[in-house]
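*Asks:* Residue numbers (this note's numbering), protein chains in the order written: chain R, 1 to 567; chain D, 568 to 648.
Simulated from the structure, these hints should not be mistaken for lab results.
For clarity, every value in this text was computed on a predicted model and none was experimentally measured.
It is possible that some hints are incorrect.
Claimed, not checked - Mimicking DSS-like on lysine-lysine, the simulated pairs with C-alpha atoms at most 25 Å apart in a straight line are:
#1 Lys489/R to Lys163/R
#2 Lys391/R to Lys405/R
#3 Lys627/D to Lys91/R
#4 Lys310/R to Lys322/R
#5 Lys627/D to Lys11/R
#6 Lys627/D to Lys85/R
#7 Lys237/R to Lys627/D
#8 Lys140/R to Lys163/R
#9 Lys65/R to Lys107/R
#10 Lys493/R to Lys479/R
#11 Lys339/R to Lys364/R
#12 Lys285/R to Lys364/R
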Amino acid sequence: MTSLTRRAFIKSSVATATAATVGFPVSQVALAQAKKAEAGWAWDKAVCRFCGTGCGIQVATAGGKIVATKGDPDAPVNRGLNCIKGYFNGKMAYGADRLTQPLMRMKDGKFDKKGDFAPVSWKVAMDEMEKQFRRAYQEKGPSGVSIIGSGQYTIQEGYVAAKLMKAGFRSNNIDPNARHCMASAVAAFMQTFGVDEPANVYDDIELADTVVLWGANMAEAHPVLWSRVTDRRLVAKATKVVNVTTYRNMSSDLSDLEIVIKPSTDLALQNWIAREILARGAMNKAFVEKHCVFATGPTDIGYGMRPTSKFAYEAEKDIQAKELVVTLDKYEAVGQRRKAGEQVEQKSRTSAGRHWLISFEEFKRGVEPYTLDFVAELCKGDVDEPIAKFKEKLEQLLQLMIDPKRNVISFWTMGFNQHQRGVWVNEQCYMIHLLLGKHATPGNAAFSLTGQPSACGTAREVGTFSHRLPADMVVDNPKHRELTEKTWKLPAKTLNPKPGSDIMGILRDIEDGGVKFLWVQVTNPSSPRPTRTTGSRPRARPTASSSWPTATPRSRARWRTWCCPPR
Amino acid sequence: MNLSGILVVTAPGRFDECVAAVAALPAVEVFHRDPATHRFIVVQEADRVDGEMAGLLRLKAVPGVVLAEMVYHYFAEGEPQ
Numbered sequence: 001m002t003s004l005t006r007r008a009f010i011k012s013s014v015a016t017a018t019a020a021t022v023g024f025p026v027s028q029v030a031l032a033q034a035k036k037a038e039a040g041w042a043w044d045k046a047v048c049r050f051c052g053t054g055c056g057i058q059v060a061t062a063g064g065k066i067v068a069t070k071g072d073p074d075a076p077v078n079r080g081l082n083c084i085k086g087y088f089n090g091k092m093a094y095g096a097d098r099l100t101q102p103l104m105r106m107k108d109g110k111f112d113k114k115g116d117f118a119p120v121s122w123k124v125a126m127d128e129m130e131k132q133f134r135r136a137y138q139e140k141g142p143s144g145v146s147i148i149g150s151g152q153y154t155i156q157e158g159y160v161a162a163k164l165m166k167a168g169f170r171s172n173n174i175d176p177n178a179r180h181c182m183a184s185a186v187a188a189f190m191q192t193f194g195v196d197e198p199a200n201v202y203d204d205i206e207l208a209d210t211v212v213l214w215g216a217n218m219a220e221a222h223p224v225l226w227s228r229v230t231d232r233r234l235v236a237k238a239t240k241v242v243n244v245t246t247y248r249n250m251s252s253d254l255s256d257l258e259i260v261i262k263p264s265t266d267l268a269l270q271n272w273i274a275r276e277i278l279a280r281g282a283m284n285k286a287f288v289e290k291h292c293v294f295a296t297g298p299t300d301i302g303y304g305m306r307p308t309s310k311f312a313y314e315a316e317k318d319i320q321a322k323e324l325v326v327t328l329d330k331y332e333a334v335g336q337r338r339k340a341g342e343q344v345e346q347k348s349r350t351s352a353g354r355h356w357l358i359s360f361e362e363f364k365r366g367v368e369p370y371t372l373d374f375v376a377e378l379c380k381g382d383v384d385e386p387i388a389k390f391k392e393k394l395e396q397l398l399q400l401m402i403d404p405k406r407n408v409i410s411f412w413t414m415g416f417n418q419h420q421r422g423v424w425v426n427e428q429c430y431m432i433h434l435l436l437g438k439h440a441t442p443g444n445a446a447f448s449l450t451g452q453p454s455a456c457g458t459a460r461e462v463g464t465f466s467h468r469l470p471a472d473m474v475v476d477n478p479k480h481r482e483l484t485e486k487t488w489k490l491p492a493k494t495l496n497p498k499p500g501s502d503i504m505g506i507l508r509d510i511e512d513g514g515v516k517f518l519w520v521q522v523t524n525p526s527s528p529r530p531t532r533t534t535g536s537r538p539r540a541r542p543t544a545s546s547s548w549p550t551a552t553p554r555s556r557a558r559w560r561t562w563c564c565p566p567r
Numbered sequence: 568m569n570l571s572g573i574l575v576v577t578a579p580g581r582f583d584e585c586v587a588a589v590a591a592l593p594a595v596e597v598f599h600r601d602p603a604t605h606r607f608i609v610v611q612e613a614d615r616v617d618g619e620m621a622g623l624l625r626l627k628a629v630p631g632v633v634l635a636e637m638v639y640h641y642f643a644e645g646e647p648q
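Model the full assembly from the supplied sequences, consistent with the hints where possible.
*Replies:* Rendered as structure tokens:
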């Protein structure tokens, strides 16, 4: 077979295998030809670890190397499809810059924080880590050492890391990047439902009549799930998709309605929807009376910043200036029943989760100021769009949500979760769905999509959060500590009862000198944080475990060693 | 040789237009077609990873295409890049 003929043969086989994987009707002859091209290959199942969707893949090996990958047609989530991340699962193992041995900053043959990375043996790297760990532990004790972990850990990796820190070193200074990703979603789950997980399943997509994207560009960020939304939209003619977004993006291509809003004005938009649900008699009274109570909480909660300007960069100062006192603008004044220009001390900065029950009448009064005129003026994000057109779109959105004959799914990700008021905006989406009685039933969901493959498994269940123990237990509960001490065969009353620093706390601690040793595992904290400032002035000795040369070890922080555990 | 088996989904009423536009792209070949579900399968060839990614973005940018996602990745021959 000439190379040209062989190339045509393989292309045809790839096309047939692709078609069969996603459920196209394919002839037996074509399938037999595709199998010929794969002669000598062994196909095995695997899981993609790049996001929280949970896609199944299949990996082909021949001669000890990966030669092909494809989506697993039997996987219930992706049904054979891959996104660009899953697509590269095989090839990434062979990248020229993949790390295969430890790198350590060296000068004149010795470790030096100001030196350049040089390859060293595992023994040299581990010996240096041990030396630096002992120095920090002897000086500061359990609070002076730390691990920043990951929602990309496997369950087993996370369990070992948590046990090493909590049982081995009696330190709770371990916290995963999942704190960044989902902390606000978790707080909203706990405050609203008392349980920290979504209530729906992906199969609800095939039952939805209205799909609302809230600051979530699913077409690019969750393409596999988007393919299911696409299928639903194209097959069920009555299904409508609404993209509530701060900018036009690829998800708008399929959407029936694109609503461009100003950043952070979604809270006001949600309040308007709640107001109209009540005003138009659209509340599912029986559902609400049976399952719901009304509650509220403080608004003077600050922004989680340090009140000092000691470490602030220019990009942080506008928010930091509001940490202690907020001067209300005309819109905030309406929401808080105060006067524009009034200065409000942020008294609830350390008790932001406090909340209390209110009556239905109080709730109704709370959303009353959010009229269409007020909200449209506040929210409209496209300066060129006429206000009348924007109002018309809001009305269409409302109708698509409140129509009792329509099943409604709201999807969101970091557009809500990494919001200035992430807990509130999550809770308010639940508010809308609960008022309508459209939650946790087939085709109806306020659905927080996650971004990491094992944030639930490693962060929550095996205890890599600074306040957690395995099996969803917590360090400040004496009974939980007692049970864990028995399980781990530890002397009684030796587990540390005080929650450790969370991920931002650890980064601040290394700036302040409170933490002297940091081990970064399976994550890259120098890259994703908004300003990449915190943690870049460490007085600690950080170590990063990574398979790839990421920004964390290369940053100004002068991370010490850079290891790649073989996988 | 890097070959990508890709599923393309088009907006209703734009199937033929999209197939023609995609077929005209270099290093892309259209194979299976299913107009009833607005889907077709293409195989894209690229020398390097950046070419594979750029090719996918180029497919997604074709007017009328609402979804284009990789399904199958073949890189059995030649040194992977």
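*Asks:* All hints are to be evaluated individually against the structure, with a verdict given for each.
*Replies:* Verification of the hints:
Distance check on the hinted pair: Lys489/R and Lys163/R sit about 12 Å apart at the alpha-carbon level, within 25 Å; holds. Distance hint between Lys391/R and Lys405/R is fulfilled; the C-alpha atoms sit about 23 Å from each other, no more than 25 Å. Straight-line distance between C-alpha atoms of Lys627/D and Lys91/R comes to about 22 Å, which keeps the hinted pair within the 25 Å bound. For the proposed pair Lys310/R and Lys322/R, the alpha carbon gap of about 15 Å is at most 25 Å, so the pair holds.
For the hint linking Lys627/D to Lys11/R, the alpha-carbon distance of about 21 Å falls within 25 Å, and the restraint holds. A C-alpha spacing of about 16 Å is found between Lys627/D and Lys85/R, which places the hinted pair at or below 25 Å, so the restraint holds. At roughly 23 Å between alpha-carbon atoms, Lys237/R and Lys627/D fall within 25 Å of each other, so this suggested pair holds. Using a Cα cut-off of 25 Å, the hinted pair Lys140/R and Lys163/R holds, with the two alpha carbons roughly 20 Å apart.
For a cut-off of 25 Å, the pair hint linking Lys65/R to Lys107/R is broken: about 37 Å separates their Cα positions. Taking the CA atoms of Lys493/R and Lys479/R, the gap is near 10 Å; set against the 25 Å cutoff, the hint holds. Of the pairs offered as hints, the one joining Lys339/R and Lys364/R holds, with about 21 Å between alpha carbons and a cut-off of 25 Å not exceeded. For the suggested pair Lys285/R and Lys364/R, the alpha carbons sit about 14 Å apart, so the restraint of at most 25 Å is met.
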